[in-house]
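First to last, the protein sequences are chains A and B.
If you use the numbering used here, the first sequence corresponds to residues 1 to 787, in order.
If you use the numbering used here, the second sequence corresponds to residues 1 to 165, in order.
Keep in mind that the hints were calculated from the coordinates and are not lab data.
It is possible that some hints are incorrect.
DSS-like mimics (lysine-lysine), calculated; alpha carbons at most 27 Å apart, straight line [claimed, not checked]:
| no. | chain 1 | residue 1 | chain 2 | residue 2 |
| --- | --- | --- | --- | --- |
| 1 | A | LYS461 | A | LYS535 |
| 2 | A | LYS155 | A | LYS288 |
| 3 | A | LYS758 | A | LYS628 |
| 4 | A | LYS633 | B | LYS131 |
| 5 | A | LYS395 | B | LYS131 |
| 6 | B | LYS131 | A | LYS688 |
| 7 | A | LYS628 | A | LYS753 |
| 8 | A | LYS461 | A | LYS29 |
| 9 | A | LYS372 | A | LYS29 |
Not close to chain B: a few residues of chain A, all C-beta gaps over 12 Å, as computed [unchecked claim]:
| no. | residue |
| --- | --- |
| 10 | VAL86 |
| 11 | GLU124 |
| 12 | GLY144 |
| 13 | PRO392 |
| 14 | THR425 |
Don't be surprised by glycine CBs; every beta carbon is placed ideally from N, CA and C.
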Amino acid sequence: MTQSTEEFSIVGKPLTKPDAFAKVSGQTKFADDLALPRMLYGRILRSPHPHARILHVDTDRARALPGVLAVLTGDDLPVKFGILPVSQDEEALAREKVRYVGDPIAAVAASDEWIADEALDLIEMQFQELPHVMSIEQAIAADGEPIHGSSNVHKAVALEFGDTEDAMRTADHVREDVVFFEGNTHLPMEQHAAVAQYAADGKLTLWTSSQTPHYVHRALGKVLEMPMSRIRVVATPNGGGFGGKSDIFSHELVAAKLAIVTGRPVKITLTREEVFYAHRGRHPVLMKVRTGFTRDGRIRAMQFQSFLDGGGYGSYGVASTYYTGALQATTYAIPRYRFEGVRLFTNKPPCGPKRGHGTPQPRFALETHFDKVAEELGLDPVELRLRNLPNPDSKTVNWLRITSCGLEDCISKVVAGSRFLDRRTSMPAGRGLGFAVSSYLSGAGTAIYWNDMPHSEVQLKLDRNGGVALLCGAIDIGQGSDHILAAIVAEVLGVALEDIQLTTADTDLTPIDLGSYSSRVTFMAGNAAKAAAEKVRDRLFEAAARALRCDGDELIARGHRIFRRNRPVDGMSFAQAVQLAETEHGVVTGTGSYTPPKLAGPYKGSGVGPSPAYSYSAAVVEVDCDEKTGEVKVTEVWVAHDIGRAINPMLVIGQVEGSVYMALGEALMEEQVFRLGLHKFPSLLEYKSPTALEAPVMHTYLVETIDREGPFGAKEAGQGPLLPVIPAVANAVYNALGVRIDEIPITPDKVLKALSDKSRRVGPKSVPVFAFPALITADVPDEWKGK
Amino acid sequence: MSIADRVAVHLRVNGEDMAVMVAPYKTLLEVLREDLALTGTKHGCELGECSTCGVLVDGRPFLSCLAMPLDLEGREITTIEGMAAGREPHPLQVAFAELGAAQCGYCTPAMLLTAKALLDRDPDPSREAIKEALAGVLCRCTGYLKIFEAVELAAARNGVKPREP
Numbered sequence: 001m002t003q004s005t006e007e008f009s010i011v012g013k014p015l016t017k018p019d020a021f022a023k024v025s026g027q028t029k030f031a032d033d034l035a036l037p038r039m040l041y042g043r044i045l046r047s048p049h050p051h052a053r054i055l056h057v058d059t060d061r062a063r064a065l066p067g068v069l070a071v072l073t074g075d076d077l078p079v080k081f082g083i084l085p086v087s088q089d090e091e092a093l094a095r096e097k098v099r100y101v102g103d104p105i106a107a108v109a110a111s112d113e114w115i116a117d118e119a120l121d122l123i124e125m126q127f128q129e130l131p132h133v134m135s136i137e138q139a140i141a142a143d144g145e146p147i148h149g150s151s152n153v154h155k156a157v158a159l160e161f162g163d164t165e166d167a168m169r170t171a172d173h174v175r176e177d178v179v180f181f182e183g184n185t186h187l188p189m190e191q192h193a194a195v196a197q198y199a200a201d202g203k204l205t206l207w208t209s210s211q212t213p214h215y216v217h218r219a220l221g222k223v224l225e226m227p228m229s230r231i232r233v234v235a236t237p238n239g240g241g242f243g244g245k246s247d248i249f250s251h252e253l254v255a256a257k258l259a260i261v262t263g264r265p266v267k268i269t270l271t272r273e274e275v276f277y278a279h280r281g282r283h284p285v286l287m288k289v290r291t292g293f294t295r296d297g298r299i300r301a302m303q304f305q306s307f308l309d310g311g312g313y314g315s316y317g318v319a320s321t322y323y324t325g326a327l328q329a330t331t332y333a334i335p336r337y338r339f340e341g342v343r344l345f346t347n348k349p350p351c352g353p354k355r356g357h358g359t360p361q362p363r364f365a366l367e368t369h370f371d372k373v374a375e376e377l378g379l380d381p382v383e384l385r386l387r388n389l390p391n392p393d394s395k396t397v398n399w400l401r402i403t404s405c406g407l408e409d410c411i412s413k414v415v416a417g418s419r420f421l422d423r424r425t426s427m428p429a430g431r432g433l434g435f436a437v438s439s440y441l442s443g444a445g446t447a448i449y450w451n452d453m454p455h456s457e458v459q460l461k462l463d464r465n466g467g468v469a470l471l472c473g474a475i476d477i478g479q480g481s482d483h484i485l486a487a488i489v490a491e492v493l494g495v496a497l498e499d500i501q502l503t504t505a506d507t508d509l510t511p512i513d514l515g516s517y518s519s520r521v522t523f524m525a526g527n528a529a530k531a532a533a534e535k536v537r538d539r540l541f542e543a544a545a546r547a548l549r550c551d552g553d554e555l556i557a558r559g560h561r562i563f564r565r566n567r568p569v570d571g572m573s574f575a576q577a578v579q580l581a582e583t584e585h586g587v588v589t590g591t592g593s594y595t596p597p598k599l600a601g602p603y604k605g606s607g608v609g610p611s612p613a614y615s616y617s618a619a620v621v622e623v624d625c626d627e628k629t630g631e632v633k634v635t636e637v638w639v640a641h642d643i644g645r646a647i648n649p650m651l652v653i654g655q656v657e658g659s660v661y662m663a664l665g666e667a668l669m670e671e672q673v674f675r676l677g678l679h680k681f682p683s684l685l686e687y688k689s690p691t692a693l694e695a696p697v698m699h700t701y702l703v704e705t706i707d708r709e710g711p712f713g714a715k716e717a718g719q720g721p722l723l724p725v726i727p728a729v730a731n732a733v734y735n736a737l738g739v740r741i742d743e744i745p746i747t748p749d750k751v752l753k754a755l756s757d758k759s760r761r762v763g764p765k766s767v768p769v770f771a772f773p774a775l776i777t778a779d780v781p782d783e784w785k786g787k
Numbered sequence: 001m002s003i004a005d006r007v008a009v010h011l012r013v014n015g016e017d018m019a020v021m022v023a024p025y026k027t028l029l030e031v032l033r034e035d036l037a038l039t040g041t042k043h044g045c046e047l048g049e050c051s052t053c054g055v056l057v058d059g060r061p062f063l064s065c066l067a068m069p070l071d072l073e074g075r076e077i078t079t080i081e082g083m084a085a086g087r088e089p090h091p092l093q094v095a096f097a098e099l100g101a102a103q104c105g106y107c108t109p110a111m112l113l114t115a116k117a118l119l120d121r122d123p124d125p126s127r128e129a130i131k132e133a134l135a136g137v138l139c140r141c142t143g144y145l146k147i148f149e150a151v152e153l154a155a156a157r158n159g160v161k162p163r164e165p
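Next comes chain A alone, as it looks inside the complex (with noise of 0.2 Å):
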């Protein structure tokens, strides 16, 4: 690891964030922490059917209870709407038909939350139940109402990259594995909420826990039918996101609508039950892996097959369900591969991202495949990924372009640390060691509607006293994005993290941030803040160097003074020189962009995937099984990240550690399942999380490749670290006990059975029979031709 706290001042520090002494104190306030005058309370009236058509919807009674200011039906917001342009396919309130339980269908505002419940109850509803279907078999043997349009299928694709099934003749071992990955949700602790105002100049503005408020303001602006310059959209600190306030939903359309009909404030604040049907979390998916290796461990070709379980939208499925397939290729050199993915409708709340994004689940696919391919090829686990490692600089068979790749550093850290390869053939009785790989996304390397303009965008305003204005539309949902931000610009213009005033996730005042999604906030609002801090510090240069005669690229900033690098007598105070800068041009301002490079490869489906750097973690884990109880304890953790650098060692490492707690979490308890179309457990009381007692020992290693995109050589740090600790507690499982249980979670019922069954195995056995669409086969890079 490179020692990267000499070269700065603030870049590579452990510094408390700007918001940290407001968050300690209370004093940040969320989505419901806001209140405002005259403001009525909204309340939402869902399905109890996961699939029904709405016969008949009378919202009398309840428009007459005193107190009750306005009632809604779908058809006060007809117009459709969805994250992705491709699947435009929700509805605020539904009007015809509803698609899981918890699908909204009216909603009410009075003046104050019980009133608002109690006419929610009088409002009289009719359905017509349909069949439901609520998992992937049933939804492609289906022969009832399709949930949507003709099909059940929402999306299918299949990509080939080379000849595979050639490939796989050259193969001297061929292996194929089927397991299955149970849905999970994101579980913030804070509700979703959203405060609506229509001000008397027509203005509407929302405040809203969201991870994306740019889209929202483009679907606020689409289902209101209102122009977008009459819109505001704030974001207010989320108190959690993970993934989970990064779609459009519901309540946010409902409250601005609510607001401008009653022309006050409305606040809807989803309930945890509520917040369970939102969801919007990891896709449950089904899946097949066969890849062809040489004898000596280098693989030939592999064929994925996912099948994902949607729920009832779209929501980001399309983009999901790519995902299952992209970044296979990112973490070991495959020559090449075939992919297909089909995502199903079931009755269900709609899937979407969670931390990692549609790779958690082919992650665990492919690192249990490869633990069990290691076996039977006599090699160790380690060494097996050691011969398939991608190189830096190159493209990937689909055409991803790797730029640093620390993956080798990171197998060392873990394995040396955990002394994986001297423990794992000697673990006492009940206990054992697992290891996995992975990489990620810094940033997706398109925008979720294509264009060709900017993902993120920085503007600075400097005060006559040296202070910086950081304007960005940048959200920080605890992962610190306002550190990165404050801490970028400081390190530039030579100032302290005191000295930044930050403005973020506003959409009258910020400029554009696409949203904190995909990893992308430190790459790119990082990267859009460099360049305007580098814009302004070129003018307080030049301002500078006419007044202490001497050349701008002589000039340094740092401390509060800009001065001469070899002469540091010669200089001037911060204020000096933007006193001087403001004297001949005016107002001190700079603006900063980032548009990542183009990326995709020529092929369709290209646009899913491709990142201008990819992160590496690896990790190795250690269990504590009981054989009696079926009980599986994670006691300790190692882990290594490539952040490329880290800004701040102390968040990445926060982040680094909250990943692994979330993978623990999904490993061994957290699952989103159904009886009778219902959720089996949308409280807290029965969705299992972990609590601090089972916090293991965690050994979190950085390894810093500094890469050539990233701002300061920074990668991402939020979701890479998740990706390994998966299917690391099912192959530490195996060393345990030797029994596969190739479905997540492993819970004890499912090892119990598994020590007990004669294949000592859990775990589906086959996929079911689908006609994938032709394939689309692609060129393979020049790299990879002959190969």
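Following the hints, put chain B in place on chain A, whose structure we already have.
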């Protein structure tokens, strides 16, 4: 429920006596947030499972979402707004800020108050005692480790030597 049915509630919160007219079925959480504008106390689950709504009553952790204010007249209630001594943040608040133990900050008020109750009774807790004390408060961001470390740092700064984890 009409306004005429509201009842007067007298509470002592953060050392101040407060009186409000509220519907008698409102929970302490609702009264704190909606009637006293003490929004530092958060809600997470509505059924006493996540402890996000945790406050201190007579110095002990207490779930405000399950408590009726009328039952708490005469008791000493402490919320996050009352944790600092005037403008001086509590050592736990400083340690949480410095070590990055607050990511999104939503569970932080309850986590801090629960940790304060622990340190008030055991100024030099072991890692196991910290885990035990905080086990009821759910955090989805941090993986808890930085929280443990911050509690240990605050304990150390209170003049007690930190123990090896």
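So, going through the hints one by one against the coordinates:
1. For the suggested pair LYS461(A) and LYS535(A), the alpha carbons sit about 11 Å apart, so the restraint of at most 27 Å is met.
2. Restraint check: the Cα-Cα separation between LYS155(A) and LYS288(A) comes to about 18 Å, which is no more than 27 Å; the hinted pair holds.
3. For the hint linking LYS758(A) to LYS628(A), the alpha-carbon distance of about 17 Å falls within 27 Å, and the restraint holds.
4. As the CA atoms of LYS633(A) and LYS131(B) are separated by approximately 16 Å, the hinted pair is consistent with the 27 Å bound.
5. Taking the CA atoms of LYS395(A) and LYS131(B), the gap is about 46 Å. The hint is violated against a cut of 27 Å.
6. Restraint check for LYS131(B) and LYS688(A): satisfied, since their Cα atoms lie roughly 18 Å apart, inside the 27 Å limit.
7. Taking the CA atoms of LYS628(A) and LYS753(A), the gap is near 11 Å; set against the 27 Å cutoff, the hint holds.
8. Taken as a hint, the LYS461(A) and LYS29(A) pair is honoured in the structure, with Cα atoms around 25 Å apart against an allowance of 27 Å.
9. Between LYS372(A) and LYS29(A) the CA atoms are separated by roughly 50 Å; this puts the pair beyond 27 Å, and the hint is violated.
10. Against chain B, the non-interface label of VAL86(A) holds: every CB pair exceeds 12 Å, the least being about 31 Å.
11. Against the 12 Å criterion, GLU124(A) stays outside the reach of chain B, whose nearest CB is about 23 Å from its own CB.
12. Remark: the non-interface label on GLY144(A) is consistent with the geometry, its nearest Cβ contact in chain B lying 36 Å away (cut-off 12 Å).
13. For PRO392(A), the condition that its CB be more than 12 Å from all CB atoms of chain B holds, with the nearest at approximately 30 Å.
14. Every CB of chain B lies more than 12 Å from the CB of THR425(A), the least distance being 29 Å, so the non-interface label holds.
Violated hints, listed in ascending order, are 5 and 9; each of the other numbered hints is respected by the structure.
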